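Enquirer: Below are the chains, spelled out letter by letter.
4 protein chains.
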Amino acid sequence: MIMSELLQLYKNTRSHSVALCEPLEIEDYIPQPVDFASPPKWHLSHSTWFFEEMILKKFFKNYKIFHPHFSFLFNSYYQTVGERAIRTERGTMTRPTVAEVYKYRQYVDAHIEKLLQENNAPELQELIILGINHEQQHQELLITDLKHTLSYNPIHPVYKEGFNLTAQKNEVEGWLKIPEGIYEIGFEGEGFHFDNEEGRHKVFLHEFEISKSLVTNADFLEFMEAGGYENFKYWLDEGWNWVNENQINSPLYWEEIEGKWCSYTLEGLKLIEPDHILTHISFYEAQAFATWKGLRLPTEFEWEAAADQLKWGKRWEWTYSAYLPYPKFKIAEGAVGEYNGKFMVSQMVLRGASTATPKGHERKTYRNFFQPKYRWQLTGIRLAK
Amino acid sequence: MIMSELLQLYKNTRSHSVALCEPLEIEDYIPQPVDFASPPKWHLSHSTWFFEEMILKKFFKNYKIFHPHFSFLFNSYYQTVGERAIRTERGTMTRPTVAEVYKYRQYVDAHIEKLLQENNAPELQELIILGINHEQQHQELLITDLKHTLSYNPIHPVYKEGFNLTAQKNEVEGWLKIPEGIYEIGFEGEGFHFDNEEGRHKVFLHEFEISKSLVTNADFLEFMEAGGYENFKYWLDEGWNWVNENQINSPLYWEEIEGKWCSYTLEGLKLIEPDHILTHISFYEAQAFATWKGLRLPTEFEWEAAADQLKWGKRWEWTYSAYLPYPKFKIAEGAVGEYNGKFMVSQMVLRGASTATPKGHERKTYRNFFQPKYRWQLTGIRLAK
Amino acid sequence: MIMSELLQLYKNTRSHSVALCEPLEIEDYIPQPVDFASPPKWHLSHSTWFFEEMILKKFFKNYKIFHPHFSFLFNSYYQTVGERAIRTERGTMTRPTVAEVYKYRQYVDAHIEKLLQENNAPELQELIILGINHEQQHQELLITDLKHTLSYNPIHPVYKEGFNLTAQKNEVEGWLKIPEGIYEIGFEGEGFHFDNEEGRHKVFLHEFEISKSLVTNADFLEFMEAGGYENFKYWLDEGWNWVNENQINSPLYWEEIEGKWCSYTLEGLKLIEPDHILTHISFYEAQAFATWKGLRLPTEFEWEAAADQLKWGKRWEWTYSAYLPYPKFKIAEGAVGEYNGKFMVSQMVLRGASTATPKGHERKTYRNFFQPKYRWQLTGIRLAK
Amino acid sequence: MIMSELLQLYKNTRSHSVALCEPLEIEDYIPQPVDFASPPKWHLSHSTWFFEEMILKKFFKNYKIFHPHFSFLFNSYYQTVGERAIRTERGTMTRPTVAEVYKYRQYVDAHIEKLLQENNAPELQELIILGINHEQQHQELLITDLKHTLSYNPIHPVYKEGFNLTAQKNEVEGWLKIPEGIYEIGFEGEGFHFDNEEGRHKVFLHEFEISKSLVTNADFLEFMEAGGYENFKYWLDEGWNWVNENQINSPLYWEEIEGKWCSYTLEGLKLIEPDHILTHISFYEAQAFATWKGLRLPTEFEWEAAADQLKWGKRWEWTYSAYLPYPKFKIAEGAVGEYNGKFMVSQMVLRGASTATPKGHERKTYRNFFQPKYRWQLTGIRLAK
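Protein chains in written order, with full-length UniProt numbering: chain W, 1 to 385; chain F, 1 to 385; chain S, 1 to 385; chain L, 1 to 385.
These are computed hints drawn from the structure, not numbers from a lab. The structure displayed is predicted, hence computed values, not measured ones. Treat the hints with caution; some may be incorrect.
In silico DSS-like cross-links for lysine-lysine, where the CA-CA straight-line distance does not exceed 25 angstroms [to be verified]:
{"no.": "1", "chain 1": "W", "residue 1": "Lys-169", "chain 2": "W", "residue 2": "Lys-311"}
{"no.": "2", "chain 1": "F", "residue 1": "Lys-373", "chain 2": "S", "residue 2": "Lys-114"}
{"no.": "3", "chain 1": "F", "residue 1": "Lys-342", "chain 2": "S", "residue 2": "Lys-330"}
{"no.": "4", "chain 1": "F", "residue 1": "Lys-293", "chain 2": "S", "residue 2": "Lys-328"}
{"no.": "5", "chain 1": "F", "residue 1": "Lys-202", "chain 2": "S", "residue 2": "Lys-114"}
{"no.": "6", "chain 1": "W", "residue 1": "Lys-233", "chain 2": "L", "residue 2": "Lys-177"}
{"no.": "7", "chain 1": "F", "residue 1": "Lys-328", "chain 2": "F", "residue 2": "Lys-342"}
{"no.": "8", "chain 1": "L", "residue 1": "Lys-342", "chain 2": "W", "residue 2": "Lys-330"}
{"no.": "9", "chain 1": "W", "residue 1": "Lys-177", "chain 2": "W", "residue 2": "Lys-212"}
{"no.": "10", "chain 1": "S", "residue 1": "Lys-330", "chain 2": "F", "residue 2": "Lys-212"}
{"no.": "11", "chain 1": "W", "residue 1": "Lys-385", "chain 2": "L", "residue 2": "Lys-233"}
{"no.": "12", "chain 1": "W", "residue 1": "Lys-328", "chain 2": "L", "residue 2": "Lys-330"}
{"no.": "13", "chain 1": "L", "residue 1": "Lys-202", "chain 2": "L", "residue 2": "Lys-359"}
{"no.": "14", "chain 1": "F", "residue 1": "Lys-202", "chain 2": "S", "residue 2": "Lys-103"}
{"no.": "15", "chain 1": "W", "residue 1": "Lys-58", "chain 2": "L", "residue 2": "Lys-328"}
{"no.": "16", "chain 1": "L", "residue 1": "Lys-212", "chain 2": "W", "residue 2": "Lys-330"}
{"no.": "17", "chain 1": "L", "residue 1": "Lys-385", "chain 2": "W", "residue 2": "Lys-177"}
{"no.": "18", "chain 1": "W", "residue 1": "Lys-233", "chain 2": "L", "residue 2": "Lys-202"}
{"no.": "19", "chain 1": "S", "residue 1": "Lys-311", "chain 2": "S", "residue 2": "Lys-328"}
{"no.": "20", "chain 1": "S", "residue 1": "Lys-160", "chain 2": "F", "residue 2": "Lys-330"}
{"no.": "21", "chain 1": "W", "residue 1": "Lys-103", "chain 2": "F", "residue 2": "Lys-328"}
{"no.": "22", "chain 1": "S", "residue 1": "Lys-202", "chain 2": "F", "residue 2": "Lys-342"}
{"no.": "23", "chain 1": "L", "residue 1": "Lys-177", "chain 2": "W", "residue 2": "Lys-293"}
To list a few chain F residues with every Cβ distance to chain S over 12 angstroms, as calculated [stated by the list, open to error]:
{"no.": "24", "residue": "Thr-291"}
{"no.": "25", "residue": "Lys-330"}
{"no.": "26", "residue": "Gln-371"}
Backbone N, C-alpha and C define an ideal beta-carbon position, used for all residues, glycine too.
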């Protein structure tokens, strides 16, 4: 990539994070009601910390860190890089203030921009691109985490009128048949990709059919009305326990008000639209729905083999594949290596992308992954048979 | 009380809450890291809600409530007054904003002031005084809760230079002997008091001696150095479990840094001063310390009988009395009655007052109470024998 | 006491433990479904261990302990006497077998009997009497713990036909008025008593009335039918949480079968008899019932002052007194001292005795104590006003 | 299968369960210290219940069930067949007694034997074989669950001298290379197999090498001495949390006594033999060990493709494959269908067999599965690269 293009991409990405926070009040930057989500302040800081820790400290001559505490406070997983604040206590940190965090961003941006004008080492370029992709991942989390936090408020705050991540209709229908054969899976080519997509390899697939469309709210309401949440026979044992322990009877954010199903959205509480694409469901619900239909979820390999002939990108689609290493997968040395491989157990793969995924971040070989119980991402269902 | 005096007292009290928050950043108003403490925003709102709910709705003709959601959000215990937001989720509420909360305060203040100029019904006057005392209680909680929240931050934020609740020395020494006899316990006279102090009654006390001074940090360090936290024989069984489950080895907020005991204070991290009065200890620690000394804690009746001859008011002093009803105690009808009587089990009485107690709020018959494990209030130890 | 009488008392007490277990199958000696109750095997062993550890090791010349593991396995609280097996894992110990435990009892009995024929030191005599009282306490726990364990079995096992701890009627009625005055509280005289009863002292009591009868099932059914379990206003805050978290809607062991209230008893499932005395209720329920009646529970001092004029001994009666030290209470040195004083926080006093209390073990100054939530003892309600 | 052979197989299988319990005391049949393991009494009853519920009720004319309670008490997972006792309370059931359970077995055996002499319907035959395999599975659990329960006893009970499931040496060494290609996976042929092995299908495998030997105690001690349990970089994130939360520093049942590693076995406490095959490790430990070695675990497909050239059957070998459905897997209708498919999420596949697996129950297509944290089975490690 030409250096000026990279600089522009850097600036655009960094601006987009700020733009996402434009509608926020200072108060909105702080709370962390659940340990799996983080406050906006933390996302803004942590993505900045990545550029400081992984790039400026190494490449910027005589770099003076912005503040000694920030490294400690805004590290996330990276155990290699020293102690870090406890994940579950991100919501208790009132200082540094939001204003200071923005100063931190500006300080790091100024140094990165200076650095990119002077240095075009391929290793630097690679890390910048990694940092950009890392920030894009946090942009998606920032907005989905924020929605989750705001959803706790009984007064249903509006993030921004006209900004609604969930109001999409299907535009296609029917089934796509894919013939038996050997398929190549995994990233190929030159662009950016994560380590977990590497190791392009062959898989044998038997013939299958995959739906061109995603499941809609109307489809799922049928399942609900047919007693889907009350009948153990559609559920995995672990899913059935999850339903009962958490008294689940609808997708996340849904509430029944005077006989009508509504849902909390970033525009406030809205009526469920039957023809919109279903979202905010767990793997357990996706699997139970498929079983109830007499169908199944595709594997991630089937999905990738079919992807070029499918319309995808509005929802993260649960697959019936566990998140496991590809053949020859190796964890990279050092902190960067803690990125993906550490999580390769007890999680399910999601393929596609969502309306919260930043433009240019999606990729057909992209492997997203979450524990099967999680619902706060923009998840959806594509069926196979 | 003359109405203009009452109005002035109201204004002073309300201003004091605002003054306590003057050093805060917006961010500081939000988090609630533990369920037993509440954020400043909630204290400011809830004490205001009390005046709106208990007084304006009833006495102010055609009163228009400030906002329908606030009643729901800022109710605390009062089950009589309808649904309320879940206590453990106070820290997740980003809206209403802090600015809106201040508007709410001004709106209610304006109406109360107008009301007090027009109406001097004794019942109104009584409720205003209750509301003032309620707000004073929340002022003490506001500052101690805030300290607790800030203490989670590894960068030890400073609330305000020169404002330090814990830097007091003893000014007295020796023992006071109180003779055997019948003593009158409980509130007497005309001023304000809570329902739990009522029912003045006789108790028989055997002769006892009570210390004129409170235990210092140096005293407690001796206990620590003598292995006090490691020897079960000084501890109540429940206290010993508490020590071990929570790995307690010092008072709250203390940390040992390079061999020196320091403590988080509202002025940041400070060295422990040996001659300062000990604070932030649980009942279990108070009791274990007394046992180690071969002494004991006074009962609340002994304390009250001796109070006029003691210097008190810098620490809440744990007594070895459980918080139980006085003879003839009756819970008042309605929401006001939910105030005190509901908590009369599994808590211990503290007598005295602390440096966080608003001026004029302290009283020798005042019965403060907490579960024996709690330490975030400005608690201390006075010994008896 | 004459030595031969003491020996006879020892033998009778020891035989009674064995007699209580006569209807049991081997299987019944093992499980411990909850941590607050212990299996019969443990009670039989632990009460024997007490005689071995506290008496034989000290007084019996060249005493050879029965088995080195038993000291470790059957110690309960006594931290002074070395490590002990974890309380919550008593139900996992299949070895030593029940047969071995009976051999252990016989071995210790033979040695104690020999010792008592040779040695009449007052200190020995005192410890024997303590051991007898200790075993009597465990007899009561053995049968109430056993009932609790059997109650988990959906097939409602019968312990023994004709043996029913709960089928008692009231035989008295009306109120007893006790005049204001100074009363002496605590043990007086020469017989056996626990350290927590010592320190006879004066208390001043205001005039009160205390019920001659105990609350019946019919009385409590009225409370239930009046919605007592659904109305927070009768409950202490802690009690209300307890009701809701545990979904309590009746006394322990009750179940509604086809519209009729039944209760698990040691004779199997039985219909609730309205005129029988209520039992298996928590302090919270006792207090809520009294509040609903517009009455209150007596204090332990009121109870003791009235005891000589009351019929008592079928139920442990919850008082509204916390379990706290009497004036001048001192914990005895060593293991014996761990008996009572260690528990003097967060528990409520029960007075009286129950149908499970061994004959001769009851005493009007006896202070029983449990946490307010517990219901598996034969607890009941006596009202005061 | 000829009917007389089937009858003989039935009798042998049923006798083996009884033989496994021969060394037990009555007491050993009862406890269930953890919810993932069940008491011997339950295994004996549940495997019998299977024959009664699935076969006798359907095929034996006018069959009179042994006892109405047993169906309720000894059902395990099968939600289709009505309510069942709570899994975590199996250890609280003292009745029916062990003697009654043996009578139940004899009663059911007599009826099955009679039935098999009269009826040779293929459907019956198939269910009998399923019941036999089901009982064999419970035989393996019975002995591993029992070991787990006995391990809680600080006196290290001996189950039976000379019976030691863990004292095996490796008899092979070196690596086996398997070429790239398409392999057929899943059960083929006519014999018994579980539904999860069905759907023989093709998978493409890249070239790999797999170890002929299993990891030994000496190998693992090297890992331990190299600080393997203290270095996060070898561990999956979930595994690292598991290590820290549970303070794991060795395989299950190991304890260090005076500087020497010992292990609880069914023969009591024994010194660790370096050249014995490692066992009782979690998937997390297996994966961390492989990472430390710079190697990896095989997938279940690699394992099956290599199985005919490997010596296997002493340990259940953790694979790096999640337990997921094979293509075209369908859950069978009714209770039998609840067997396997319900668990296809969040578990890892183990291949091979163990020294506790009944003879004839092992199969190269057999898919065993457990959550990655479990260690009480006879698990081991085979490496791949």
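Enquirer: For every hint, state whether the structure bears it out.
Expert: Verification of the hints:
The hinted pair formed by W:Lys-169 and W:Lys-311 meets the criterion: a straight-line CA distance of about 12 angstroms does not exceed 25 angstroms. With a C-alpha separation of about 49 angstroms, the suggested pairing of F:Lys-373 with S:Lys-114 is violated against the 25 angstroms cut-off. Note on F:Lys-342 and S:Lys-330: the hinted pairing is violated, with a Cα-Cα distance of about 32 angstroms set against a maximum of 25 angstroms. For the given pair, F:Lys-293 sits about 15 angstroms from S:Lys-328 by alpha-carbon distance, which is consistent with the 25 angstroms threshold.
Between the alpha carbons of F:Lys-202 and S:Lys-114 the distance comes to roughly 55 angstroms, so the proposed pair goes past 25 angstroms and is violated. Pair hint W:Lys-233 plus L:Lys-177 does not hold up; C-alpha atoms about 43 angstroms apart against a cutoff of 25 angstroms. Distance check on the hinted pair: F:Lys-328 and F:Lys-342 sit about 15 angstroms apart at the alpha-carbon level, within 25 angstroms; holds. Between the alpha carbons of L:Lys-342 and W:Lys-330 the distance comes to roughly 32 angstroms, so the proposed pair goes past 25 angstroms and is violated.
For the given pair, W:Lys-177 sits about 10 angstroms from W:Lys-212 by alpha-carbon distance, which is consistent with the 25 angstroms threshold. The straight-line distance between the Cα atoms of S:Lys-330 and F:Lys-212 is roughly 23 angstroms, inside the 25 angstroms bound, and the hint therefore holds. At roughly 40 angstroms between alpha-carbon atoms, W:Lys-385 and L:Lys-233 are farther apart than 25 angstroms, so this suggested pair is violated. The straight-line distance between the Cα atoms of W:Lys-328 and L:Lys-330 is roughly 32 angstroms, outside the 25 angstroms bound, and the hint therefore fails.
Restraint check for L:Lys-202 and L:Lys-359: not satisfied, since their Cα atoms lie roughly 29 angstroms apart, outside the 25 angstroms limit. In summary, the hint linking F:Lys-202 to S:Lys-103 is not supported, as the alpha carbons are separated by about 57 angstroms, beyond the 25 angstroms threshold. Taken as a hint, the W:Lys-58 and L:Lys-328 pair is broken in the structure, with Cα atoms around 52 angstroms apart against an allowance of 25 angstroms. Using a Cα cut-off of 25 angstroms, the hinted pair L:Lys-212 and W:Lys-330 holds, with the two alpha carbons roughly 23 angstroms apart.
Between L:Lys-385 and W:Lys-177 the alpha-carbon distance is near 35 angstroms, which puts this suggested pair outside the 25 angstroms criterion. For the suggested pair W:Lys-233 and L:Lys-202, the alpha carbons sit about 29 angstroms apart, so the restraint of at most 25 angstroms is broken. Between S:Lys-311 and S:Lys-328 the CA atoms are separated by roughly 30 angstroms; this puts the pair beyond 25 angstroms, and the hint is violated. Proximity of S:Lys-160 to F:Lys-330 is assessed by CA-CA distance (about 46 angstroms); at most 25 angstroms being required, the pair is judged violated.
Restraint check: the Cα-Cα separation between W:Lys-103 and F:Lys-328 comes to about 62 angstroms, which exceeds 25 angstroms; the hinted pair is violated. Distance restraint check for S:Lys-202 and F:Lys-342: the Cα-Cα separation of roughly 29 angstroms exceeds the 25 angstroms cut-off, and the hinted pair is therefore not satisfied. Taking the CA atoms of L:Lys-177 and W:Lys-293, the gap is near 43 angstroms; set against the 25 angstroms cutoff, the hint is violated. Not every CB of chain S is more than 12 angstroms from the CB of F:Thr-291 (nearest about 8 angstroms), against its label as outside the interface.
The beta carbon of F:Lys-330 sits about 9 angstroms from the closest Cβ of chain S, which is not more than 12 angstroms, so the claim that it is off the interface is violated. For F:Gln-371, the condition that its CB be more than 12 angstroms from all CB atoms of chain S is violated, with the nearest at approximately 8 angstroms.
In this structure, the hints that do not hold are numbers 2, 3, 5, 6, 8, 11, 12, 13, 14, 15, 17, 18, 19, 20, 21, 22, 23, 24, 25, 26, in rising order.
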